[in-house]
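Chains as they are written, first to last, in our numbering: chain A, 1 to 133; chain B, 1 to 386; chain C, 1 to 353.
Hints listed in this document are in silico derivations from the structure and should not be mistaken for laboratory results. Even for Gly, the Cβ is constructed at its ideal location relative to N, Cα and C. Each hint should be verified, as a subset may be incorrect.
[Claimed, not checked] From the derived model, a few chain B residues whose C-beta atoms are all more than 12 Å from chain A:
{"id": "1", "residue": "A131"}
{"id": "2", "residue": "Q150"}
{"id": "3", "residue": "K195"}
{"id": "4", "residue": "L235"}
{"id": "5", "residue": "P250"}
{"id": "6", "residue": "R350"}
[Stated by the list, open to error] Pairs of lysine-lysine residues, derived as DSSO-like cross-links and limited to a Cα-Cα distance of at most 27 Å, are as follows:
{"id": "7", "chain 1": "A", "residue 1": "K10", "chain 2": "C", "residue 2": "K260"}
{"id": "8", "chain 1": "C", "residue 1": "K323", "chain 2": "A", "residue 2": "K51"}
{"id": "9", "chain 1": "C", "residue 1": "K323", "chain 2": "A", "residue 2": "K10"}
{"id": "10", "chain 1": "C", "residue 1": "K251", "chain 2": "B", "residue 2": "K195"}
{"id": "11", "chain 1": "A", "residue 1": "K41", "chain 2": "A", "residue 2": "K10"}
[Unchecked claim] Which residues of chain A face chain B? A partial, calculated answer using Cβ under 7 Å:
{"id": "12", "residue": "H26"}
{"id": "13", "residue": "P30"}
{"id": "14", "residue": "L33"}
{"id": "15", "residue": "V34"}
{"id": "16", "residue": "S49"}
{"id": "17", "residue": "T53"}
{"id": "18", "residue": "T59"}
{"id": "19", "residue": "Y61"}
{"id": "20", "residue": "E65"}
{"id": "21", "residue": "L77"}
{"id": "22", "residue": "R85"}
{"id": "23", "residue": "Q89"}
{"id": "24", "residue": "V93"}
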Amino acid sequence: MDIPRYWRLKDQRYRLQGTVCEDCGHYSFPPRLVCPNCKSKRQKPFAFSGKGTVFSFTTIYQTIERYQDQVPYLVALIDLEEGVRITAQLTDVDSDEVEIGMPVEMVVRKFYADGDNGPIFYGYKFRPIATGS
Amino acid sequence: MEKVAIIGIGQVPVREYWDKSLRELGARALLNALEDAGRDQIDGLYVGNMMSGTLSEQEHLGALIADYAGFTGVESLKVEAACASGAAAFRQAVLAVASGQKQCVAAVGVEKLTEFSGRRASDALAEAADADFETSLGLTFVALNALVMQRFLYERKVNRDDFALFPMLAHRNAVHNPNAMFHHEITFDQYKKAKMIAEPINLLDSSPIADGAAAVIIVPAKAVNASNKRIVDVLASALATDSIALHDRPELLRLKAVEQSVKRALDSAGITLRDLSLFELHDAFSIMSILSLEASGIMSAEEALQKIKEGYFDISGSLPIATMGGLKGRGHPVGATGIYQIVEAVTQLRGQAPEPIQVAHPKYAMTQNIGGTGATVVTTILKGQN
Amino acid sequence: MNDILRPIKSVGIVGYGAYVPRYRIKASEISRVWRGEQDGNHLPIKQKSVPGPDEDTITMSIEAGKNALKRAAINPKKIRALWIGSESHPYAVKPSGTVVAQALDIFPANTSGDMEFACKAGTEAMQAALGYVGSGMAQYAMAVGMDTAQGRPGDALEYTAAAGGAAFIIGPASEALAELEGAFSYVTDTPDFFRRNYEKYPQHGNRFTGDPAYFHHIRAAVQTLMEGLNLKPSNFKYISFHQPNSKFPRKMAEELGFTKEQYTTGLLSPLIGNVYAGSSILGFTATLDAAQPGDRILLASFGSGAGSDAFSFVVTERLLQAKAKAPSTRWYIQRETVVDYTTYARWRGKIRK
Chain A
1 MDIPRYWRLK DQRYRLQGTV CEDCGHYSFP PRLVCPNCKS KRQKPFAFSG KGTVFSFTTI
61 YQTIERYQDQ VPYLVALIDL EEGVRITAQL TDVDSDEVEI GMPVEMVVRK FYADGDNGPI
121 FYGYKFRPIA TGS
Chain B
1 MEKVAIIGIG QVPVREYWDK SLRELGARAL LNALEDAGRD QIDGLYVGNM MSGTLSEQEH
61 LGALIADYAG FTGVESLKVE AACASGAAAF RQAVLAVASG QKQCVAAVGV EKLTEFSGRR
121 ASDALAEAAD ADFETSLGLT FVALNALVMQ RFLYERKVNR DDFALFPMLA HRNAVHNPNA
181 MFHHEITFDQ YKKAKMIAEP INLLDSSPIA DGAAAVIIVP AKAVNASNKR IVDVLASALA
241 TDSIALHDRP ELLRLKAVEQ SVKRALDSAG ITLRDLSLFE LHDAFSIMSI LSLEASGIMS
301 AEEALQKIKE GYFDISGSLP IATMGGLKGR GHPVGATGIY QIVEAVTQLR GQAPEPIQVA
361 HPKYAMTQNI GGTGATVVTT ILKGQN
Chain C
1 MNDILRPIKS VGIVGYGAYV PRYRIKASEI SRVWRGEQDG NHLPIKQKSV PGPDEDTITM
61 SIEAGKNALK RAAINPKKIR ALWIGSESHP YAVKPSGTVV AQALDIFPAN TSGDMEFACK
121 AGTEAMQAAL GYVGSGMAQY AMAVGMDTAQ GRPGDALEYT AAAGGAAFII GPASEALAEL
181 EGAFSYVTDT PDFFRRNYEK YPQHGNRFTG DPAYFHHIRA AVQTLMEGLN LKPSNFKYIS
241 FHQPNSKFPR KMAEELGFTK EQYTTGLLSP LIGNVYAGSS ILGFTATLDA AQPGDRILLA
301 SFGSGAGSDA FSFVVTERLL QAKAKAPSTR WYIQRETVVD YTTYARWRGK IRK
């Protein structure tokens, strides 16, 4: 049970909380101690909008233990509109519907449950953008 | 800094060893290398390994292997840099001798993947990636490479099937290497029909993980007879790193750590890429082969996909690669791979490779060991006595 | 009968949000597997919604809550209570609301406990929120009714047990999209339907479902509310009742004197099934999507066990601005992807690797 990891990362996983550099304005997700752009250590929390586009993607057929019962599933690199790239699963979409450049938005979904009696871990995934009215 | 030379090499065939433990494999490779070197003592040992903790429930490999091989008391430790652990251990061994601190050092790479189920091996391999922001979200090691390959296919507009020639070449060479895991060729048709692991990477794009161990013995160059044809000089060993997570790389298709380590290695060796007689690259996945060729400055990825059709990378070609089968044909015993590459390059430079895969009159060989999806890269340049 | 319920301060809905998962299974597909298609045209609904494999009451509440926040356009930290009514809370012990409050940035200055009252757990949460804000305890409170209901494979319940729901932010009437006129709750001990601890699937008690349960409780709640407010059925533009199937809400509406024009907009069960704690309130969000200022809307839930909460809301000008800020309920209903029984069985944990 990686409860401390889950607990520690909840604001990242539920709300895409990263950092923005107070000196050069560079955005980071995950949060950084040191700005990758200007090396400043003055980083403050910043919650990303969760809107972006697919930069690359793959369908996973063989996977690690805790995701065994989910195959096949999609993962992607996503370029957020703030100019930061993030790795995440895609959800609510079939593999033949996905293409590079597709607009997507962040939703909170289940990552996995720790067996039948352990905690359930939630966090960000991305799905085709919900524009409908 | 002292110049250093390799005086002995040893390996065990890459296999699934249900009957041999991690320590047996490591010590066997080490003793084989010492026998090859004609020595019976070392004063330093660096063990390259990635996953012994997860897959054999065994850490502390420095003391373990030293003890089991009969060198209790010697300075020894484990070096870990994911799939680049082997060459990273070699790099430490070179530094130890070059600094003048040590006189005869062994670098051993060892990995044992078959102690537990294959799933556990997938978990352990994925530990090379970012646990908080890649692996725990469901990313596998293959998936990370697949993200790179998918983007490559999109940006460069090349035919996916052209990748087939890389694993086909590796298998063709492995047939003649008794230490290789595979001794069969694969066909274009088989490649096209191979099942997907993480689209667009299929089974035949992927090197098989297996058990293995290899070792080299390093001494100051001045301590050996330069006329000995079996001595191979270490001209350079350079390690560079990049962001561990793919999402932190501004240019996904650019392996910057490859660029940096190759540049440092060439500068230090004082040679150019044109001087190379062979290149043992890190073909863990077909996509890694061509991006490594590109980032090393040898040729663009598109050109590599073209040149391989013309036999450029064959044993008799302009720049032979994966001469003993590469990771794809010889097998990829993760933390041992970097040492296998060096052992194979030494074998070529000595002219001791099996005849069908012996490169003619090789002088300079380059090996490149890549950890993760390019986060640690070690490039080594060796010179034979030809 | 008693007086109707009214808070001290005038309150209303300042934001609402719907959520229905993307997937559907046809009732005919369930029938094919268990009954050899002998049901013909007698199926209770056309299809029902199915949550994706990574969805549960918590994730669905987060999305509905986000939609409500978009329409309310308020600082989430000002929401001082978050109550989620559901019969499918992912944990038996650990509130769904803590995860949702963290994800919606409502935390940490809020109260949050899970509510359970079968299919009226959502309106139970609304009653509490209306009272919390109406008493002046808090400026805003969020109430969610959300479910990923399960029926035993082959059981009649399997045709309708579905997933979806809605979230509401309750606040001052001056900011409301729809103001509360009054409410009434009616409860008796009626064991029409229940699920014991540690049981995966619920069951019906005899044939109590219709008359002593559903019809009796809604009838009592709605009639008392209308009497208390001095209103007739014709005073309402729309109604949304609990929708366990297609038939019951129609029959109830007609018996109480409501017309097809009044109940059709909010009647979603034929297309998505019975979303339990989300059922009547999801229908209510569909009527809000359609409503114009001045329209009066009647909402009445039914929860087994048994009880009904009835509410009368009057739409304000503010609704017009708020509607388009989040996806409509119809949009969620129309984005359907049909899955077969095997996929449904895998996703719902009826078969396991």
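query: Can the hint on R85(A) be confirmed by a CB-to-CB distance to chain B that is less than 7 Å?
result: Constraint on R85(A) satisfied, holds at 4 Å.
- request: Could you check that no beta carbon of chain A comes within 12 Å of the beta carbon of R350(B)?
  value: At roughly 39 Å from the nearest Cβ of chain A, R350(B) sits farther out than 12 Å, so the non-interface label holds.
Interface hint compliance - V93(A) to chain B, C-beta minimum distance less than 7 Å: V93(A) check fails; min Cβ-Cβ to chain B is 14 Å, beyond 7 Å.
query: Can the hint on E65(A) be confirmed by a CB-to-CB distance to chain B that is less than 7 Å?
result: Holds. Min distance 5 Å.
query: Can the hint on T53(A) be confirmed by a CB-to-CB distance to chain B that is less than 7 Å?
result: violated, 13 Å
task: Please verify that hint: Q89(A), Cβ, nearest Cβ of chain B, below 7 Å or not.
output: Since the shortest Cβ distance to chain B is 5 Å, the answer is holds.
message: K323(C) and K10(A) were given as a pair; does the straight-line alpha-carbon distance stay at or below 27 Å?
response: violated, 30 Å
- prompt: Should the interface hint for L33(A) be scored as holding, given a Cβ-Cβ cut-off of 7 Å against chain B?
  reply: This hint is violated: L33(A) lies away from chain B, its Cβ roughly 14 Å from the closest one there, beyond 7 Å.
message: Quick check on the hint: T59(A) CB to chain B CB, less than 7 Å?
response: Holds, about 5 Å.
field: Reported absence of L235(B) from the contact zone with chain A (all CB gaps over 12 Å)
entry: Answer for L235(B): holds, closest chain A Cβ roughly 34 Å.
- request: Taking the shortest Cβ-to-Cβ distance between P250(B) and chain A, state whether it exceeds 12 Å.
  value: Its Cβ does come within 12 Å of chain A, the nearest being 8 Å, so this is violated.
- prompt: Keeping to a limit of 27 Å between CA atoms, is the pair of K251(C) and K195(B) held or broken?
  reply: Judged against 27 Å, a Cα distance of about 55 Å means the pair is violated.
The earlier numbered hints that this structure contradicts are 1, 2, 3, 5, 7, 9, 10, 12, 14, 15, 16, 17 and 24.
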